[in-house]
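Novice: Sequence:
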Amino acid sequence: MKFNALLLLSLLPISGFTHAADIPVLGDGKAEIHQICGKSIDVQIRRLNDDSLVIGLINNKTNKRDLFKSQEPVSAEMKYAKFVPVHFDNLSKNFVEEEKPEIEIVWGSAINDKKEADYTLALGPEIYDCGLLQKWPHEEANILYGETK
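Quick note, in the working numbering, the sequence shown goes up one by one and the last residue is 150.
Treat the hints with care, as some may be off.
As the list claims (entries may be wrong) - Each computed PhoX-like pair below joins lysine-lysine, with the alpha-carbon atoms no more than 20 Å apart:
id : residue 1 : residue 2
1  : Lys80     : Lys116
2  : Lys80     : Lys101
3  : Lys31     : Lys101
4  : Lys65     : Lys101
5  : Lys31     : Lys94
6  : Lys62     : Lys101
To be verified - Estimated spans, in silico, between C-beta atoms of each pair:
id : residue 1 : residue 2 : range
7  : Asn113    : Gly30     : 27 to 33 Å
8  : Asn61     : His139    : 26 to 32 Å
9  : His139    : Glu103    : 36 to 42 Å
10 : Thr121    : Asn64     : 20 to 26 Å
11 : Ala77     : Thr121    : 17 to 23 Å
12 : Glu98     : His139    : 15 to 21 Å
13 : Val107    : Asp23     : 26 to 32 Å
14 : Lys116    : Ser41     : 36 to 42 Å
15 : Thr121    : Pro74     : 17 to 23 Å
16 : Glu73     : Ile34     : 15 to 21 Å
17 : Asp114    : Ser93     : 24 to 30 Å
Rather than coming from a laboratory, the hints here were simulated on the basis of the structure. All residues carry an ideal CB built from backbone N, CA and C; glycine is no exception.
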């Protein structure tokens, strides 16, 4: 019994490393925040210099992250905005809108009765409630001064 407990305790630090996730890149920069919508829709979010947002969603058919850009600047409260499919052009260093008018995505927040932000994601006619926004950790200090793995 003691051996099993020691074995379990010795595996805990290892399992922490296996769950560490790389911050997804959206275009030419990393996602800044993320959240889960519905049961498992992983939404990655990055604010651009013009206050528009880029979100990344995993495509169920290709298992790759597709990018969508808000059509207009988004407020600091991240109120609802419509997003269009884009890809990042490495040559011009810009997001280029794709010709996919059949894809309708709306994401953002509204203030509820408790004066809290409720986030939702609309993918066409389907609407998903979203969890809390979470910042990705800033790893620069650990990269510069932490222990090597």
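Novice: Hint says 36 to 42 Å; check whether the CB-CB distance for Lys116 and Ser41 agrees.
Specialist: violated (29 Å)
Novice: If you draw a straight line from the CA of Lys31 to the CA of Lys101, is it 20 Å or shorter?
Specialist: Violated. Lys31 to Lys101 sits at ~25 Å, over the 20 Å cutoff.
Novice: Is 26 to 32 Å right for how far apart the beta carbons of Val107 and Asp23 are?
Specialist: For Val107 and Asp23 the Cβ distance comes to about 28 Å; the hint holds.
Novice: Does the hinted range 26 to 32 Å hold for Asn61 and His139 at CB?
Specialist: Given about 31 Å between the Cβ atoms, the range holds.
Novice: With 24 to 30 Å as the target window, see if Asp114 and Ser93 comply at their CB atoms.
Specialist: violated (45 Å)
Novice: If you check the beta carbons of Asn113 and Gly30, does the distance land in 27 to 33 Å?
Specialist: holds (31 Å)
Novice: Would the hint linking Lys65 and Lys101 be met if the CA-CA limit is 20 Å?
Specialist: holds (17 Å)
Novice: Can you tell me whether the CB distance of Thr121 to Asn64 sits inside 20 to 26 Å?
Specialist: holds (24 Å)
Novice: I want to verify a distance hint. Is the separation of the beta carbons of Glu98 and His139 within 15 to 21 Å?
Specialist: Because 31 Å falls outside the window, the suggested range is violated.
Novice: Taken at face value, is the distance from the CA of Lys94 to the CA of Lys31 at most 20 Å?
Specialist: With a Cα-Cα distance of about 14 Å, the restraint between Lys31 and Lys94 holds, given a limit of 20 Å.
Novice: Is the hinted range of 36 to 42 Å satisfied by the C-beta distance from His139 to Glu103?
Specialist: Hint holds: Cβ distance 38 Å, inside 36 to 42 Å.
Novice: Given the proposed pairing of Lys80 with Lys116, does the C-alpha separation stay at or below 20 Å?
Specialist: holds (14 Å)
Figure legend: structure checked against the earlier numbered hints; hints not met, in rising order: 2, 3, 12, 14 and 17.
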